[in-house]
Amino acid sequence: RKEVEQDPGPFNVPEGATVAFNCTYSNSASQSFFWYRQDCRKEPKLLMSVYSSGNEDGRFTAQLNRASQYISLLIRDSKLSDSATYLCVVYSGGYQKVTFGIGTKLQVIP
Amino acid sequence: DTEVTQTPKHLVMGMTNKKSLKCEQHMGHRAMYWYKQKAKKPPELMFVYSYEKLSINESVPSRFSPECPNSSLLNLHLHALQPEDSALYLCASGADTQYFGPGTRLTVL
Chain A
1 RKEVEQDPGP
11 FNVPEGATVA
21 FNCTYSNSAS
31 QSFFWYRQDC
41 RKEPKLLMSV
51 YSSGNEDGRF
61 TAQLNRASQY
71 ISLLIRDSKL
81 SDSATYLCVV
91 YSGGYQKVTF
101 GIGTKLQVIP
Chain B
1001 DTEVTQTPKH
1011 LVMGMTNKKS
1021 LKCEQHMGHR
1031 AMYWYKQKAK
1041 KPPELMFVYS
1051 YEKLSINESV
1061 PSRFSPECPN
1071 SSLLNLHLHA
1081 LQPEDSALYL
1091 CASGADTQYF
1101 GPGTRLTVL
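As they're listed, the protein sequences go chains A and B. Residue numbers for the first sequence follow my numbering, beginning at 1 and rising by one. Residue numbers for the second sequence follow my numbering, beginning at 1001 and rising by one.
One chain only, chain B, in its complex shape (with noise of 0.2 Å):
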């Protein structure tokens, strides 16, 4: 019953490959975030697009490209990622109040 949508739910990339994650929201919010959720940890902040440009980058590789092609939907590049990549990648809509995906779980091999 979420209205922030993700693609895909599982992900499996080698460290050469180059894919992408998904998300969607319609729900009208003009911020959006990418978090990254290792076990046992609470969500990284990692982007968050306000009107659809890029607002914070907490400081993360570039092997992790955000794009925001529209304030409905927002993706997450990912190329030459390392096996301590793997982790939930969740994305998230709104402003105080957030509302979560259900995120992606990616595994690096």
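This is chain A alone, in the form it adopts within the complex (with noise of 0.2 Å):
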């Protein structure tokens, strides 16, 4: 079983949509856990952390279960822009202990 795990997608949805991801990580012990967005030959950018209380930022929202060892990204109101790469990011302590997803992407369609 790979470390973490995601939908590789391609997510297609229209615009205004909801859509939701899931990411699922292997390591119990694991601390900490991010959403990257990865626009097409760009760097990742940190989209947001993931806490256990759930976070949410506009139209964003992060869940994380650590009974089940997912997290979650839901996307409200989809916009042409939101269409990217979403990267689950897990990390397990020590620096060299960064997990990343394979990455889902998503496209959003007028």
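Among these hints, one or two may not hold up.
[Stated by the list, open to error] If we take Cβ atoms under 8 Å as the criterion, some of the chain A residues that face chain B in the derived model are: (1) P44; (2) L47; (3) Y91; (4) V98; (5) G103.
These are computed hints drawn from the structure, not numbers from a lab. Computed from a predicted structure; not experimentally measured. Ideal Cβ placement from N, Cα and C applies to all residues, glycine included.
Bring the two chains, given one by one in their own frames, into a single complex with the hints.
Written out as structure tokens, the structure reads:
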């Protein structure tokens, strides 16, 4: 089993739709969780950290479920500019223990 | 608006060339990283410097040689690369939260 698993997609959704991505992780000792966004041929950019209590930033909501070992990202009212690859990142302690998921590609269609 | 800068943006080199990639951050982070990213794949960790000391080398071939001259700078020296080394090379800094530079797109002919 991979350390961090994501559905690579693509997810093709119309503008205005709500879309959700999940990411599962295998190391129960994992400490910190993040969603990054990566546009084509650009660097990954931090979208948001993920906390057990859940956190929201505008149209984006992230949740962590430690019992089931997954994190989620919900995007409401999708915009064309949300089209990108969303990378799930899990930190398990120590500088070498950052693990990236393969990324989920989102395409928002007019 | 990234606070991690990388030069050059693009690099084309032959298999016998020697070149260097440069990275700079001014966020006061004590850990810096080199990643390699191929198309449609996530970044792969190559090296980690912690407090200017190499702490992680993910079995990277010796044709890649990292250097950390000070806490703000990170270099990656390249020599005798292969065409399969063509990729986006990303520098990052931070601890659990990492901030990436824009990358150097390397093509080896």
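Evaluation of the interface hint that places G103 of chain A against chain B, nearest CB under 8 Å: 6 Å, holds
Double-check P44 of chain A for me: the hint is only fine if its C-beta lies closer than 8 Å to a C-beta in chain B. Since chain B brings a Cβ to about 5 Å from P44 of chain A, closer than 8 Å, the hint holds.
Would the hint on L47 of chain A stand, with a C-beta cut-off of 8 Å toward chain B? Violated. Min distance 11 Å.
Cut-off 8 Å, beta-carbon criterion: hint that V98 of chain A touches chain B: 7 Å, holds
Closest C-beta approach of Y91 of chain A to chain B relative to 8 Å, hint status: 4 Å, holds
In terms of the numbered hints stated before, the structure departs from hint 2 and from no other.
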